[in-house]
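We have chain A already, so just place chain B on it with the hints.
Quick mapping for you: the protein sequence lines, in order, are chains A and B. Just so you know, numbering that gives the first Met the number 0 puts 123 at position 124 of the first sequence, and the rest follows in order with no gaps. Just so you know, numbering that gives the first Met the number 0 puts 1 at position 2 of the second sequence, and the rest follows in order with no gaps.
Source of the hints: derived by calculation from the structure; they are not laboratory data. Glycine included, C-beta positions come from ideal geometry on N, C-alpha and C. The reader is advised that the hints may include incorrect statements.
As the list claims (entries may be wrong) - Calculated lysine-lysine pairs in the DSSO-like style (CA-CA distance at most 30 Å, straight line): (1) B:Lys85 x A:Lys121; (2) A:Lys61 x A:Lys76; (3) B:Lys85 x B:Lys197; (4) B:Lys31 x A:Lys143; (5) A:Lys11 x A:Lys76; (6) B:Lys263 x B:Lys229; (7) A:Lys76 x A:Lys105; (8) A:Lys57 x A:Lys76; (9) B:Lys98 x A:Lys143; (10) B:Lys85 x A:Lys143; (11) B:Lys147 x B:Lys229; (12) B:Lys31 x A:Lys128; (13) A:Lys34 x A:Lys11; (14) B:Lys285 x B:Lys263; (15) A:Lys121 x B:Lys31; (16) A:Lys92 x B:Lys239; (17) A:Lys92 x A:Lys61; (18) B:Lys85 x B:Lys147; (19) A:Lys128 x A:Lys105; (20) B:Lys285 x B:Lys229; (21) B:Lys150 x B:Lys239; (22) B:Lys98 x A:Lys105; (23) A:Lys92 x A:Lys57; (24) B:Lys229 x B:Lys150.
Unchecked claim - If the Cβ cut is set under 10 Å, some of the chain A residues that face chain B in the computed set are: (25) Val83; (26) Phe95; (27) Ser111; (28) Ala115; (29) Arg127; (30) Tyr129; (31) Asn134; (32) Asp135; (33) Phe136; (34) Glu141; (35) Arg148; (36) Trp150; (37) Phe152.
To be verified - Per label pair, the in silico range of CB-to-CB distance: (38) A:Pro60 x B:Asp117: 55 to 61 Å; (39) A:Pro138 x B:Asn114: 34 to 40 Å; (40) B:Asn187 x A:Ile22: 55 to 61 Å.
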Amino acid sequence: MAQEASSSTSSKTISLKTGDGEIFEIEASAAKQMKTVQRLIDDLGDDITIPLHNVFSKELPKIIEYYKKDITGEITKDFEAEFVKDLNDDEVKVLFLAANYLDANKLFEFLSQNIADRLESKSVEYVRKYFGVENDFTPEEESKLREERAWSFRGIKEDE
Amino acid sequence: MDCISELPDEILSYIQTMLSIKDLLKTSVLSKRWRNLWALRRDLHFDIFHVLGSSEEELLQTVIPTSSSTIERCVRLDIGMSEFVKRVDQFLNNFQGTKINSFFASFYSYDKHSNIIDQWISFAIARGVETINLLLLPMPETCATRYKQYKFAFDLFSETNASTLKHLHLEHCLVCHPTNRDYIPFQNLRFLSLERTKLDEMFIESVLSNCRWLEELHLVLCEFRSSMPKIVSSSLIHLKVAGCYVVSGYVQMQIELSSIDCLKLTSLEYHGYSLDTLKINTPLLKSIRCTVFYCEDPNQYGLFATLPQLEIMQLDIYSMVSHKVFD
Numbered sequence: 000m001a002q003e004a005s006s007s008t009s010s011k012t013i014s015l016k017t018g019d020g021e022i023f024e025i026e027a028s029a030a031k032q033m034k035t036v037q038r039l040i041d042d043l044g045d046d047i048t049i050p051l052h053n054v055f056s057k058e059l060p061k062i063i064e065y066y067k068k069d070i071t072g073e074i075t076k077d078f079e080a081e082f083v084k085d086l087n088d089d090e091v092k093v094l095f096l097a098a099n100y101l102d103a104n105k106l107f108e109f110l111s112q113n114i115a116d117r118l119e120s121k122s123v124e125y126v127r128k129y130f131g132v133e134n135d136f137t138p139e140e141e142s143k144l145r146e147e148r149a150w151s152f153r154g155i156k157e158d159e
Numbered sequence: 000m001d002c003i004s005e006l007p008d009e010i011l012s013y014i015q016t017m018l019s020i021k022d023l024l025k026t027s028v029l030s031k032r033w034r035n036l037w038a039l040r041r042d043l044h045f046d047i048f049h050v051l052g053s054s055e056e057e058l059l060q061t062v063i064p065t066s067s068s069t070i071e072r073c074v075r076l077d078i079g080m081s082e083f084v085k086r087v088d089q090f091l092n093n094f095q096g097t098k099i100n101s102f103f104a105s106f107y108s109y110d111k112h113s114n115i116i117d118q119w120i121s122f123a124i125a126r127g128v129e130t131i132n133l134l135l136l137p138m139p140e141t142c143a144t145r146y147k148q149y150k151f152a153f154d155l156f157s158e159t160n161a162s163t164l165k166h167l168h169l170e171h172c173l174v175c176h177p178t179n180r181d182y183i184p185f186q187n188l189r190f191l192s193l194e195r196t197k198l199d200e201m202f203i204e205s206v207l208s209n210c211r212w213l214e215e216l217h218l219v220l221c222e223f224r225s226s227m228p229k230i231v232s233s234s235l236i237h238l239k240v241a242g243c244y245v246v247s248g249y250v251q252m253q254i255e256l257s258s259i260d261c262l263k264l265t266s267l268e269y270h271g272y273s274l275d276t277l278k279i280n281t282p283l284l285k286s287i288r289c290t291v292f293y294c295e296d297p298n299q300y301g302l303f304a305t306l307p308q309l310e311i312m313q314l315d316i317y318s319m320v321s322h323k324v325f326d
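Next comes chain A alone, as it looks inside the complex:
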């Protein structure tokens, strides 16, 4: 690879390798938005393939798609709605955890809101499973809490 000391990286692409061994390219300006990636670039150099152990080939393309739009300033509410439209709750969760790992702030905030929206009217059991929470209340403690907050449990949809 050419060893030019490029001060302008706008047209440069970075190679990212997922945990399951696939390689994807993104523009350097998009990589800048993912602080974890940028840190790795700073440590390893920008002409080396950056390994991302915790991100996989299923979700990385979606993340790249998001930031491709971000660097051209085209992220709108419609785009974001479309982005998550066909994703199920688990797919959003995986993206969210990846965004967190990559320290990709904008995507992280957007997905946090989307998760909060999706959890509206879900049952406590569903949310426990979704977040991976272990219930450490005794049955008595839990039923007391539920009773006190009875009004917040009305209107819960059936778990899918």
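Frame of chain A, contents of chain B only:
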């Protein structure tokens, strides 16, 4: 990491800030850690939609004239608001956080809820709140004669002086001067906005002289005791006065700004009857936006031409509409 629960508290609490009050209370049942997490919430926001939920929005339909009787509508609204108050109370009683940044409450209220609102304000002040927005809504006009406004009493703050409070916005209350006239809490207030409140002009003059960092003051549709307060402040930067009046007999009479003596003031917004009596000492004033109804002699506005820093002036006179915007 494949489990959201493995994330640190700050991140989980971030998701929580996006949940409505209803869902927030639900998450407090997930586990002990989650119950303690929501104590990290810093901004408390209670409005009818978020507290009563969309399924009870039909309650709000009672405010818009429909075929049901007036009494029935008032009763239904009353019941709805009692439920609102009960839920907010429950939330606050279970809230274990020790610091909050802002407290916002907006609902249809009258003096029946006085003690409870007092408690909420005390609750917020005790946790170092910096911003209070209390936007009370008036009960529908047809019920008005039976309901008195909530009285916002500064005696509530005598213990802590509310020294953390920087931003206060009140709508539709009675504002009562502290019984000890020399005592003004909120010495660090930067922003004060009063809309549709009833108060004594001496209170405003007191605030202006005691809150030495007050930068912005709004007085909108306020009812004063007998006259417009004199606006004298060495710190005030933005002033908005609109539609203020006094009540004499049963008649509402508009009162006009008469005196502004603010060396740092850069913007003024005024909506009233006329500017005939206005005297100003505002050498740094850059922007004026006024709407007046009456203008006998347009030359009187020449007083604004003497302002050395003036950049924007917008003047609407209802008897003859004209816009002047110049640098």
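Holds or violated: lysine 92 of chain A and lysine 239 of chain B, Cα atoms, limit 30 Å. violated, 47 Å
Between the alpha carbons of lysine 85 of chain B and lysine 197 of chain B, is the straight-line distance 30 Å or under? Measuring from Cα to Cα gives roughly 27 Å; hence the hint holds.
Pair hint lysine 31 of chain B and lysine 128 of chain A, alpha-carbon separation not exceeding 30 Å: Roughly 15 Å separates the two Cα atoms, so the pair holds.
Agreement of lysine 147 of chain B and lysine 229 of chain B with the hint, judged by alpha carbon distance not exceeding 30 Å: holds, 28 Å
Would the hint on tyrosine 129 of chain A stand, with a C-beta cut-off of 10 Å toward chain B? OK, holds: tyrosine 129 of chain A within 10 Å of chain B, min 7 Å.
Can asparagine 134 of chain A be said to touch chain B, with a Cβ gap under 10 Å? Check passed: Cβ of asparagine 134 of chain A comes within 6 Å of chain B, closer than 10 Å.
Taken at face value, is the distance from the CA of lysine 150 of chain B to the CA of lysine 229 of chain B at most 30 Å? holds, 24 Å
So if I understand the rule, the pair passes when the alpha-carbon distance is 30 Å or less; does lysine 263 of chain B with lysine 229 of chain B pass? holds, 16 Å
Arginine 127 of chain A was flagged as interface toward chain B. Is the shortest Cβ-Cβ separation under 10 Å? Since chain B brings a Cβ to about 6 Å from arginine 127 of chain A, closer than 10 Å, the hint holds.
Quickly compare the C-alpha distance for lysine 285 of chain B and lysine 263 of chain B to 30 Å and report which way the hint goes. Holds, at roughly 10 Å.
Run the distance test for lysine 285 of chain B versus lysine 229 of chain B: straight-line Cα separation, threshold 30 Å. holds, 20 Å
Quick one, are lysine 85 of chain B and lysine 121 of chain A close enough, alpha carbons at most 30 Å? holds, 23 Å
Consistency with the previously given hints fails for numbers 16 and 25, ordered from lowest to highest.
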